[in-house]
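Asks: Assemble the whole structure, with the sequences as input and the hints as a guide.
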Amino acid sequence: MFFRLTAALLWAGLGLGVAHTAMAQRTCTLPLAGRVTDHESGEGLAGATVILLPGQEAAQTDPEGHFHFHVCAGTYRVQVRFIGYQPEEAELRVAAAAVRNFALHPETIRLQGTVVRGERVAAPTPQASSSLAGQALQATRGQALGEALQRVAGVTAIQTGPSVFKPMIHGLHSNRVAIMNNGVRQEGQQWGQEHGPEIDPFVASELTVVKGAAGVRYGSDAVGGVVLVQPRPLRDSAGVGAELNLVGMSNNGLGAASATLDGNLRGLPALSWRVQGSLKQAGNTRTPDYWLDNTGFRERNFSAAVGWRKDRYGVEVFYSQFNSRLGILSAAVVGNQADLQAAIDRGRPAGEGAFSYEIDRPYQQLRHDLAKLTGFWKTGNGGRLTATVANQQDYRDEFDVVRTSSTAGSRGLPQLSYQNYTTTADVAWEHPRRGSFSGSVGLSGTYQHNRYTPGSRQFIPFYTNRVGGAFLIERWQRERLLLEAGLRFDRRDLQTRRLARTVTADTLRYVVDQQRFQYWTPAASLGAVYDAGTHLTLRADAGLVRRAPAANERLAQGAHNAIYEEGYDVSRPAGAAPLAPETSYNLGLTATLHANPRLNGELTVYQNYIDGYIYQVAAGAVQTIRGVFPLWRTQQTDAVFRGADLLLTYTPSPPWQLSGRAAVVRARNRRLNEYLVFVPADRFEATARREWTTAPAARVLRPFAQLSLTAVRRQDRTPGVEYDLQTAPTGYQLLGAEVGTTLRLGPVPLELSLAGSNLLNTRYREYLNRFRYYAHDQGRNLTLRLRAPLEFGRRAAR
Numbered sequence: 001m002f003f004r005l006t007a008a009l010l011w012a013g014l015g016l017g018v019a020h021t022a023m024a025q026r027t028c029t030l031p032l033a034g035r036v037t038d039h040e041s042g043e044g045l046a047g048a049t050v051i052l053l054p055g056q057e058a059a060q061t062d063p064e065g066h067f068h069f070h071v072c073a074g075t076y077r078v079q080v081r082f083i084g085y086q087p088e089e090a091e092l093r094v095a096a097a098a099v100r101n102f103a104l105h106p107e108t109i110r111l112q113g114t115v116v117r118g119e120r121v122a123a124p125t126p127q128a129s130s131s132l133a134g135q136a137l138q139a140t141r142g143q144a145l146g147e148a149l150q151r152v153a154g155v156t157a158i159q160t161g162p163s164v165f166k167p168m169i170h171g172l173h174s175n176r177v178a179i180m181n182n183g184v185r186q187e188g189q190q191w192g193q194e195h196g197p198e199i200d201p202f203v204a205s206e207l208t209v210v211k212g213a214a215g216v217r218y219g220s221d222a223v224g225g226v227v228l229v230q231p232r233p234l235r236d237s238a239g240v241g242a243e244l245n246l247v248g249m250s251n252n253g254l255g256a257a258s259a260t261l262d263g264n265l266r267g268l269p270a271l272s273w274r275v276q277g278s279l280k281q282a283g284n285t286r287t288p289d290y291w292l293d294n295t296g297f298r299e300r301n302f303s304a305a306v307g308w309r310k311d312r313y314g315v316e317v318f319y320s321q322f323n324s325r326l327g328i329l330s331a332a333v334v335g336n337q338a339d340l341q342a343a344i345d346r347g348r349p350a351g352e353g354a355f356s357y358e359i360d361r362p363y364q365q366l367r368h369d370l371a372k373l374t375g376f377w378k379t380g381n382g383g384r385l386t387a388t389v390a391n392q393q394d395y396r397d398e399f400d401v402v403r404t405s406s407t408a409g410s411r412g413l414p415q416l417s418y419q420n421y422t423t424t425a426d427v428a429w430e431h432p433r434r435g436s437f438s439g440s441v442g443l444s445g446t447y448q449h450n451r452y453t454p455g456s457r458q459f460i461p462f463y464t465n466r467v468g469g470a471f472l473i474e475r476w477q478r479e480r481l482l483l484e485a486g487l488r489f490d491r492r493d494l495q496t497r498r499l500a501r502t503v504t505a506d507t508l509r510y511v512v513d514q515q516r517f518q519y520w521t522p523a524a525s526l527g528a529v530y531d532a533g534t535h536l537t538l539r540a541d542a543g544l545v546r547r548a549p550a551a552n553e554r555l556a557q558g559a560h561n562a563i564y565e566e567g568y569d570v571s572r573p574a575g576a577a578p579l580a581p582e583t584s585y586n587l588g589l590t591a592t593l594h595a596n597p598r599l600n601g602e603l604t605v606y607q608n609y610i611d612g613y614i615y616q617v618a619a620g621a622v623q624t625i626r627g628v629f630p631l632w633r634t635q636q637t638d639a640v641f642r643g644a645d646l647l648l649t650y651t652p653s654p655p656w657q658l659s660g661r662a663a664v665v666r667a668r669n670r671r672l673n674e675y676l677v678f679v680p681a682d683r684f685e686a687t688a689r690r691e692w693t694t695a696p697a698a699r700v701l702r703p704f705a706q707l708s709l710t711a712v713r714r715q716d717r718t719p720g721v722e723y724d725l726q727t728a729p730t731g732y733q734l735l736g737a738e739v740g741t742t743l744r745l746g747p748v749p750l751e752l753s754l755a756g757s758n759l760l761n762t763r764y765r766e767y768l769n770r771f772r773y774y775a776h777d778q779g780r781n782l783t784l785r786l787r788a789p790l791e792f793g794r795r796a797a798r
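As numbered in our numbering, residues 1 to 798 make up the sequence shown, in order.
The reader is advised that the hints may include incorrect statements.
What follows is a set of in silico ranges between Cβ atoms, one per label pair, in the way DEER data are often shown [said to hold, decoys possible]:
{"id": "1", "residue 1": "136", "residue 2": "279", "range": "36 to 46 Å"}
{"id": "2", "residue 1": "752", "residue 2": "515", "range": "53 to 63 Å"}
{"id": "3", "residue 1": "304", "residue 2": "356", "range": "25 to 35 Å"}
{"id": "4", "residue 1": "339", "residue 2": "733", "range": "28 to 38 Å"}
{"id": "5", "residue 1": "594", "residue 2": "684", "range": "21 to 31 Å"}
{"id": "6", "residue 1": "358", "residue 2": "570", "range": "14 to 24 Å"}
{"id": "7", "residue 1": "357", "residue 2": "266", "range": "42 to 52 Å"}
{"id": "8", "residue 1": "733", "residue 2": "638", "range": "46 to 56 Å"}
{"id": "9", "residue 1": "136", "residue 2": "385", "range": "49 to 59 Å"}
{"id": "10", "residue 1": "752", "residue 2": "513", "range": "34 to 44 Å"}
{"id": "11", "residue 1": "693", "residue 2": "520", "range": "33 to 43 Å"}
No wet-lab data here; the hints were simulated from the structure.
A virtual CB, placed ideally from N, CA and C, is assigned to each residue, including glycine.
Replies: Have a look at this one:
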């Protein structure tokens with residue numbers, strides 16, 4: 001039924017286009033002319049707009065108020081509009097040459113005072129970047145952050161089942177991708193590949209991905225790139241507005257609702273505020289053949305902001321809380337080695353499963369609090385000073401399957417319970433432009449400590465992390481060329497404390513093992529942006545970034561979320577050196593074709609050498625009292641990542657748009673001269689979209705329909721099964737479609753869309769999904785989205 005509906009819509013659109021072309025080709029020579037005048041004075045009105053319906057043909061009056069068309073015989077509706085006058089409309093039957101004059105009545109308008117504010121436009125950056133905003137972002141509502149970002153070329157995700165997505169940029173993820181949540185670096189329990197970002201995507205009005213090393217701006221961990229989660233700026237005009245988003249999905253029964261309310265006081269225009277909240281719940285996911293037990297999730301999130309802004313200074317307070325419970329696939333937890341091998345060989349759960357919203361062990365319980373205070377001060381001829389102080393508190397509990405009468409299990413307590421507390425402070429000064437030079441200098445500091453609850457298992461040690469840094473970015477711009485250079489130095493001090501087992505004289509003892517790691521982690525960048533022509537921009541950037549190992553990469557040890565992990569220093573051979581920092585040498589080139597009437601696009605090629613690359617490989621299995629778990633061990637090598645991203649859009653005619661994007665990554669272990677594990681497979685996507693033009697006053701506005709195809713090759717560039725639990729799955733192709741429109745219900749433009757993914761119910765496995773060993777990925781899914789912007793007060797001109 002869905003295919004028939006989509007085909008009918010596309011066929012109807014094509015038919016309309018053919019009919020319109022045929023009508024245009026007929027000989028239509030009957031003159032229709034007239035004059036538009038002021039009703040009071042009788043003077044002609046120059047520049048009035050005359051619209052002929054149907055067909056949306058329009059003309060403007062000449063200096064004397066005259067207009068004319070050449071039309072076919074028939075009945076037409078003529079609309080006449082002119083600023084400051086009431087619009088006029090008339091129906092006219094044309095059988096021969098016709099003349100129709102219009103006398104417009106002046107409209108009494110009380111003009112309000114207008115405040116014109118200028119906003120600084122950020123200088124272009126040498127790194128390639130892509131954004132999701134407007135309708136593109138609306139099409140991702142209801143998805144997790146990492147899942148939504150996969151619409152950006154070059155971005156994929158490390159996935160754990162159907163609900164946990166961790167963004168991957170150019171083959172790099174986790175500690176190498178910085179996430180800036182409303183200008184604050186997201187910090188939490190980032191020590192697991194199955195730990196998704198604790199961020200509510202409904203907060204964002206724009207998601208931006210900066211691809212390539214950006215360590216100078218965002219810290220030395222930004223080896224692979226940066227994700228910017230940007231809320232809408234606080235309202236700067238009097239009144240109260242709101243936005244409601246509703247999402248429903250067929251596959252897992254997901255229901256999501258998000259509401260935002262913002263305002264600005266007419267009597268106190270410097271004061272603005274916003275509150276936002278969202279609820280989300282989903283049950284078990286269904287593959288084409290069976291249900292995935294215990295894969296439901298729930299979220300309860302909210303945020304609030306209040307700001308005081310004047311021309312020369314401003315301050316804003318922001319607070320958000322993220323709450324989530326995530327089920328872990330039951331089939332991924334087994335009791336012994338034979339069952340583990342049988343589960344992998346079977347490739348699917350033993351039973352058919354059933355739909356349920358219940359979340360049982362194993363599951364994750366998360367909470368993340370962010371409080372931020374930021375302010376700016378324009379120092380006249382001295383530039384602009386910005387300061388931000390933020391505090392984050394992250395709580396993570398992991399509940400395993402209870403197989404013994406443990407104290408935690410009998411009392412319903414988590415087996416892992418961690419708390420992470422982070423305080424950050426940043427100060428940046430943007431100096432005034434001097435000739436062709438502009439730039440900024442800044443200081444930053446971080447204090448972080450991570451603790452686990454007594455009685456829970458020790459997976460990573462207690463640690464305290466202190467970071468202090470300074471950066472300098474300078475730009476030179478003249479005519480079409482912009483050059484940028486940046487330098488940053490961070491001093492990192494990581495102190496860890498854990499219980500270590502020792503055996504002496506056949507006696508098992510535990511001793512406190514304390515270690516301290518101190519590093520300088522410099523970052524440097526050099527880039528250029530060149531406007532080669534009206535429609536072509538060229539970018540080049542080179543960067544050096546040194547990243548210090550995280551506590552989990554060194555000292556993690558234990559089972560969690562259906563796997564067993566060992567840090568490098570835990571499992572390294574006797575006498576081997578401890579884990580060393582990574583050093584990345586990155587080069588990227590980008591060509592952007594833009595603002596063309598038909599063909600536009602962007603091509604990025606990159607190469608990233610990483611000395612001391614830290615990664616995980618499969619190393620067998622570990623038997624514990626809680627069951628048997630696949631063992632993932634941290635290793636270090638020298639690596640190189642090369643690849644390309646391509647995005648193209650082609651508009652053969654205004655109603656139609658064809659687009660495609662592709663991404664390829666090649667990653668090799670330079671020490672062993674072989675491929676690396678868990679690198680994205682080649683990915684290609686193509687979309688055909690048709691939009692229909694409607695009258696501005698129509699009830700149905702801007703309807704559209706689109707068809708998409710995603711093709712992913714088999715990842716045949718792997719190091720071998722000895723580094724993984726099984727060989728890479730076969731490639732796959734997925735068909736998707738979407739139809740949507742905007743309905744005008746009085747003053748409310750109600751946006752509606754219906755999207756379908758994996759419409760052919762294809763059976764497939766994603767190579768980057770950690771649970772591909774036990775089950776297939778999601779089957780057919782239909783998503784209904786609704787967005788309603790509301791306005792409760794008259795908005796002043798911005």
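Asks: Decide, hint by hint, whether the structure agrees.
Replies: Each hint tested on the structure:
Distance hint check for residue 136 and residue 279: the Cβ-Cβ separation is about 24 Å, which falls outside the suggested range of 36 to 46 Å. One distance hint, 53 to 63 Å for the beta-carbon pair residue 752 and residue 515, holds here, with the actual separation near 57 Å. For residue 304 and residue 356, the Cβ-Cβ distance of about 34 Å falls inside the hinted range of 25 to 35 Å, so the restraint holds. Taking 28 to 38 Å as the suggested C-beta distance range, the pair residue 339 and residue 733 conforms, at roughly 33 Å.
As the Cβ distance of residue 594 to residue 684 is approximately 22 Å, the hint placing it in 21 to 31 Å holds. Evaluation of the 14 to 24 Å hint for residue 358 and residue 570 yields a failure: the beta carbon distance comes to about 36 Å. The given range of 42 to 52 Å is respected by residue 357 and residue 266, whose C-beta atoms sit roughly 45 Å from each other. The supplied range of 46 to 56 Å is broken by residue 733 and residue 638, whose beta-carbon atoms lie about 36 Å from each other.
The beta-carbon spacing between residue 136 and residue 385, approximately 35 Å, falls outside the hinted interval of 49 to 59 Å. Roughly 59 Å separates the CB atoms of residue 752 and residue 513, a value that falls outside the hinted 34 to 44 Å. A beta carbon spacing of about 59 Å between residue 693 and residue 520 contradicts the range 33 to 43 Å that was offered as a hint.
Consistency note: the structure conflicts with the earlier hints numbered 1, 6, 8, 9, 10 and 11.
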